[in-house]
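Student: Sequence:
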Amino acid sequence: MSQLEVEEDQPLGHLRLTARLNTSALDSRRGVVRLHPEAIAALGLREWDAVSLTGSRTTAAVVGLAPGGTPTGTALLDDVTLSNAGVRENATVIVAPVTVYGARAVTVTGSKLATDSISSATLRQALLGKVMTVGDTVSLLPRDLGPGTSTSAATAALGSSVGITWTSELLTVTGVDPSGPVSIQPNSVVSWGSGLEGVGSGPSDSAGAHTISPARAKPAVSFDDLKGSHTQAGKLTEWLKLSLDEPQLLETLGATPNLGVLVTGPAGVGKATMVRTVCAERRLVELDGPEVGALAADDRFSRVSDAVASVRDGGGVLLISDVDALLPAATGDRAPEPVAALIIGELRDAVATRGVAFVATSAVPVGVDTRLRAPDLCDRELALTLPDAATRKALLEVLLRGVPSAELNLGEVADRTPGFVVADLAALVREGALRAASRASADGNEPVLWQEDLTGALTVIRPLSRSAAEEVSVGSVTLDDVGDMVETKQALTEAVLWPLQHPDTFQRLGVEPPRGVLLYGPPGCGKTFVVRALASSGKLSVHAVKGAELMDKWVGSSEKAVRGLFARARDSAPSLVFLDEIDALAPRRGQSFDSGVTDRVVAALLTELDGIEPMRDVVVLGATNRPDLIDPALLRPGRLERLVFVEPPDADARREILRTAGKSIPLASDVDLDALASELDGYSAADCAALLREAALTAMRRSIDAADVTAADVAKARETVRPSLDAAQVASLREFAAGK
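Under the working numbering, think of the first position of the sequence shown as 55, with each following residue one higher.
Since the hints were derived computationally from the structure, they do not count as laboratory data.
Heads up, the beta-carbon is just placed ideally off N, CA and C, and yes, glycines get one too.
All the pointers check out, no bait thrown in.
Per label pair, the in silico range of CB-to-CB distance:
#1 Ala722 with Ser82: 56 to 64 Å
#2 Ser222 with Met605: 29 to 37 Å
#3 Ser82 with Ala437: 32 to 40 Å
Below, computed lysine-lysine pairings styled on DSS-like, alpha-carbon distance capped at 30 Å:
#4 Lys281 with Lys295
#5 Lys600 with Lys614
#6 Lys600 with Lys543
#7 Lys447 with Lys281
#8 Lys770 with Lys717
#9 Lys447 with Lys289
Can you build the whole structure from these sequences, using the hints too?
Tutor: Spelled out as structure tokens, the structure:
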């Protein structure tokens, strides 16, 4: 579990953090791990100090500050450093301070091109300042060592020696003196060698390594801890038993014992973990699809061929995780690479071997080469689904087992984490534990996890199923804070909250809940505001995009973005898809001059709303101020079937809006909100809120020490904030509402 642990031989302790891929080009393959300032402080370190990183093996790197917004429980590592530590993205990595010595001598191996072209002096220049251990993979990309230094000499020398391909060259550290993590210094002797000369824990050949797990009595995760996937694990166990242990039973019945299984499910749901648990007592040969897929074609085939040879020689199960990265499906503009046919041939040979089974995992099964799902390869599939609230609570109990904590309401946390998979929940626990550790470090008390630590972590942990661009700014607003708008709130309650709160009633009465709602009204009248209020309930995952954001000039990209949005919503159900400015996304077909892009986007939307893929527990909410521009097909029953006119606020609604907006503003006794509301005819909800903000700024201009906002300040603000409602537009919208 994630907490600041103190070890006897390491007084500064270590942190268990969530490893995430660092996509920054500045850090690419340069041996830098980016941490939150609080994590660096908890380890007693400063920026550019060295740390050890431990997953299935231990490596070392230098620490840099993570960019703003990075959760405190996250460690950002590049792909090579992830591999050196033996962890995958979203797995746990143990980060601890480490003593690093200046290297007297280091030997490395590389490609024939690199060894023939790069001198020892240039090699030392490229590796200067990097921290490494025996068995590490290192790149030639030089690390920026700060002010007064330059990487230009090294890059120029590498470019002239190797050519433009030098940036993709990877080396293996085969020996270091002294032993342990070392840093390349200007006086270090760096030379080309062969084989592993030092004592290390890494693989002997980074270009051909695969993980082999022997049969073991106790798995890292027990069968009972596989909350939400017991049924799937039981099926896989039965299939493996028949195929590997009792093949004669199948052969007697005229069936082949060959077994290939594709395990699908959202990213982070625990597909590979389930396979490893089921195979705990079997020999398991494992390949990481993204890692192998990033290699050159020849190296890809070599890695797969070596793994297949290993499992055919020793028997057992071959597991390829995230196989879509290794064998992607063909697309309209991309045919399968020739090497894909060779890899699939190797996998067929493995499946046809007695005593061998093949299992692959993928979060995007439609993105897998169709040949992988042929009857002679992966003839069976298992699907893992998102955990519901009860399963999330059970997973939290497993993750928090043994963690010192106060009384926790895990049911509340489970209710507030729709769309979270086990990897998300683990990240949430780590973030909460780091908060508890920071508090204990400051107070000098024993670390204890509080409910507030977990609820606070919810503000920074985003589920894998939702992208950053789809985040909704929520704050503390609730539906009770929405002034008036009775019909709007009732429509949203019936369409969104009732199916979540009363699913049995819908089933008992034989009625399907509404699939979609269209909110239309003048700009600034609270359409987006009520969605934020709905999202703040925390009972559902909200995916929000503006219509124009999904439009792209490239053929097929907009439709793909629509499909991806709805796929993420289905993966994180119960969820709400909020399409703001939907008129820009789905205008009337046949009236545009964009080569048919908008027509295809409308077709994609219609397919998602009532196509083959079920929209279970997914509600679509559109918002617009031009409902007349939307394609009528979207407004039919079963699609955006509830049309709700968000009226401009009347005096009573404006009074409620002013009271809500004025909760955080100290208003003087001479400010009469009732009278003010009656005077603001033509003001939208946004105008009313802006008026009080401007009044507060006016009070500051009057006196920086002003204690409250007076009626005079409000009157002055009215000179600046004018009504924005267009009478003609309001009349047009009311006419549309009357004839809908």
